[in-house]
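Asks: Single-letter residue listing:
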Amino acid sequence: MAVTEQYRHAAEADCLRTIITFYRRLDASDYAGVLALWHDDGTWVRQRLFAKHEFMESLKLRSPNAVVFHVVSNAMFEIEKGRARFSCYVTSIVGDTGSPPQGPIPPNAMRLYLCTGELVEQDGKWLMFHYAPGKPRLELLGTGVPSRG
Amino acid sequence: MMADVMVPKETQGDLAEAGARRALTGFYRAMDCGDMDAMLACCHPEMVWERRGEVLRGADDFRRAQASKSSTLLAHHLILNFTAQASSADRADFETLVLAIRSDSGEAPAMPQSPGYMSMHRCTGTAICDDDGQWRLIHYRPETPDMDAGTIGPTQFFAWPGQAG
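First to last, the sequence lines map onto chains A and B. Per the working numbering, the first sequence runs over residues 1 to 149. Per the working numbering, the second sequence runs over residues 1001 to 1165.
Hints were generated in silico from the structure; no laboratory data involved. We put the CB at the ideal spot given by N, CA and C, even for glycine. Incorrect hints may have been included.
[Stated by the list, open to error] Chain B regions said to be covered by chain A (calculated; three or more residues, Cβ under 8 Å):
#, region
1, 1014-1021
2, 1026-1038
3, 1072-1081
4, 1109-1115
[Stated by the list, open to error] Between beta-carbon pairs, the in silico distance windows are:
#, chain 1, residue 1, chain 2, residue 2, range
5, A, Ile20, B, Ala1065, 28 to 38 Å
6, A, Ala32, B, Asp1061, 26 to 36 Å
7, B, Asp1060, A, Met56, 34 to 44 Å
8, A, Thr116, B, Ser1105, 38 to 48 Å
9, B, Lys1069, A, Gly124, 41 to 51 Å
10, B, Ala1059, A, Asn65, 34 to 44 Å
11, A, Gly98, B, Asp1148, 26 to 36 Å
12, B, Asp1061, A, Gly98, 19 to 29 Å
13, B, Ser1070, A, Thr116, 19 to 29 Å
14, A, Val72, B, Asp1037, 19 to 29 Å
15, B, Tyr1117, A, Thr97, 24 to 34 Å
16, B, Lys1069, A, Asp14, 30 to 40 Å
17, A, Glu57, B, Asp1060, 48 to 58 Å
18, B, Gly1053, A, Gly124, 42 to 52 Å
Take the sequences, apply the hints, and build the full model.
Replies: Right, dumping it as structure tokens:
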């Protein structure tokens, strides 16, 4: 369904905010906050396709010692009424010394992904509905390489 | 043109900024994916592209410039700190940083590649909204890099200085 420029603009801004908030919470290990950004029927590709009720178990397998930053850039959207498909670059920078970080730690992996996904509008909020980060297109590894964030 | 409904002036500026950003993002996504037709779809037919001291005008020049690149090059252009100023409802001047990360193994790229070269560019340009409502680039000028890491690898990238900039 065709949408107005104003709707498209507002939807793009709200969708981008959801994606950035998703990564901000993921990087802060705020997993309950991550789940709150998802539609109940959401699916997320993490090694395999996970349904929302499986997210928490999967997220708890992440290294508790890792410091991870996900930088979202170059987001593009296809907006329909109530639904948005998106693609973006995500650059992850990961540091993991194997023990709880005491202050800044050096990075030991950088990866760049071309990610795709979908959001849906529910009660005025744009929620993650599907997300597929894909395989990394670029990968730069240092020593003591951590698992993917 | 965007004047199909009454749009407040401040909203026009937001829409113009979003349109210009969309045009530049589409331009680089197409370039990074090697999709020349999609790249041209983001360019106005009269677009001027000032690239590495050359002034390129129109599709033939752009095709020639892209064809001169290595066929095994894998490039990603990250658009950062983008801002635009609308001079009218259908014209916006923009500034942005573009972080270019390139790799070229000399063979058809297999993912993931190890990034081989990184440079940061200050870029300026202008986008306009065509009659079909699509924003396209009409002028683009990436500056020569102010920061050029040259060839990078784990030794260079992970040897970060201990001071914040």
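Asks: Give a verdict on every hint.
Replies: Hints, one by one, checked against the model:
Here's how the region 1014-1021 of chain B fares: 3 of its residues keep a CB closer than 8 Å to some CB of chain A, so the rule of at least three is met and the hint holds. Chain A is given as covering the region 1026-1038 of chain B, and this holds because 3 residues of the stretch bring a CB closer than 8 Å to a CB of that chain, at least three being needed. Counting residues of the region 1072-1081 of chain B whose beta-carbon sits less than 8 Å from any beta-carbon of chain A gives 6, enough to reach three: the coverage restraint holds. Under the rule that three or more residues need a Cβ within less than 8 Å of chain A, the assignment of the region 1109-1115 of chain B holds, with 5 such residues.
As the Cβ distance of Ile20 of chain A to Ala1065 of chain B is approximately 34 Å, the hint placing it in 28 to 38 Å holds. About 53 Å separates the C-beta atoms of Ala32 of chain A and Asp1061 of chain B, a value inconsistent with the hinted range of 26 to 36 Å. At roughly 55 Å, the beta carbons of Asp1060 of chain B and Met56 of chain A sit outside the given window of 34 to 44 Å. Thr116 of chain A and Ser1105 of chain B have their C-beta atoms about 25 Å apart, which leaves the hinted 38 to 48 Å range violated.
A C-beta distance of roughly 46 Å is found between Lys1069 of chain B and Gly124 of chain A, which places it inside the suggested range of 41 to 51 Å. Take Ala1059 of chain B and Asn65 of chain A: their Cβ atoms lie about 52 Å apart, and the range 34 to 44 Å is violated. A beta carbon spacing of about 34 Å between Gly98 of chain A and Asp1148 of chain B agrees with the range 26 to 36 Å that was offered as a hint. Restraint check, Asp1061 of chain B to Gly98 of chain A: a C-beta distance of roughly 53 Å breaks the suggested window 19 to 29 Å.
In this structure, Ser1070 of chain B and Thr116 of chain A meet the distance hint of 19 to 29 Å, their C-beta atoms being roughly 27 Å apart. Judged by the Cβ atoms, the range 19 to 29 Å given for Val72 of chain A and Asp1037 of chain B holds: they are separated by roughly 27 Å. Taking the beta carbon of each, Tyr1117 of chain B and Thr97 of chain A are about 29 Å apart, inside 24 to 34 Å as hinted. Hint check: Lys1069 of chain B to Asp14 of chain A, Cβ distance near 37 Å, so the stated range 30 to 40 Å holds.
Checked against the hint of 48 to 58 Å, the pair Glu57 of chain A and Asp1060 of chain B passes, with Cβ atoms roughly 56 Å apart. Distance hint for Gly1053 of chain B and Gly124 of chain A: a CB-CB separation of about 50 Å, consistent with the stated range 42 to 52 Å.
Consistency with the previously given hints fails for numbers 6, 7, 8, 10, 12, ordered from lowest to highest.
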